Amino acid sequence: NAGVTQTPKFQVLKTGQSMTLQCAQDMNHEYMSWYRQDPGMGLRLIHYSVGAGITDQGEVPNGYNVSRSTTEDFPLRLLSAAPSQTSVYFCASRTGRGGGRHEQYFGPGTRLTVT
Amino acid sequence: GEDVEQSLFLSVREGDSSVINCTYTDSSSTYLYWYKQEPGAGLQLLTYIFSNMDMKQDQRLTVLLNKKDKHLSLRIADTQTGDSAIYFCAESYNTGKLIFGQGTTLQVKP
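For the protein sequence lines, the chains are D and E, in the order given. Quick note on my numbering: the first sequence kicks off at 1 and runs consecutively. Quick note on my numbering: the second sequence kicks off at 1001 and runs consecutively.
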């Protein structure tokens, strides 16, 4: 298993540009989430999904869109990047069943800078 | 509402015990977690506790939960330099959401 993969690892955008951060998992997990991590702020939940076709907003959803057309993939779209979106983005997944539902697997992160 | 608070920094000497504290506001959370993040890496699950338990011990780690005060703590016995990292507490909900605190940076001095 590759676990949770994220691409790209690093990205620099200009204000107003759009891009999609990719996240994929090969563990057949139902739950997938996107977080951003800023110094002194911890991880803040952007959007999450409890299964294909189902998404919901987290704490800081503004400026981001998601969709979940397959179990494996959960892309995060920035429609018009702003400097306030400079952050490290983590994707995570977990199963919804049994004892394994407590183990949330994190991807390696995408470091995004918006100038 | 959903809010998880932690102190930002803790410094201890190698061999001492470390106690990292966390408070949360929403009593509807189901499980509470402790994660560890080393520099440049993602988060690693350390341990978790069901919200109707008071204590859980796992080798050097002891988790205490005071539901009345909505207070969670993580005690690391015999702290080692390899324990230096950022520690996050988090609460989960039946909806699948996981809300994190700001993280506590643990510095272990030799």
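Hints in this document: simulated from the structure, not taken from any laboratory. Predicted, not measured: the structure shown is a model, and the values here were computed from it. Among these hints, one or two may not hold up.
What the hints assert, rightly or not - Straight-line C-alpha distance at most 30 Å; calculated DSS-like pairs for lysine-lysine:
hint : chain 1 : residue 1 : chain 2 : residue 2
1    : E       : LYS1097   : D       : LYS9
2    : E       : LYS1056   : E       : LYS1070
3    : D       : LYS9      : E       : LYS1067
Status of the hints after comparison with the structure:
no.: 1; hint: E:LYS1097 to D:LYS9; verdict: holds (25 Å)
no.: 2; hint: E:LYS1056 to E:LYS1070; verdict: holds (16 Å)
no.: 3; hint: D:LYS9 to E:LYS1067; verdict: violated (40 Å)
Checked against the numbered hints given earlier, the structure breaks only hint 3 and satisfies all the rest.
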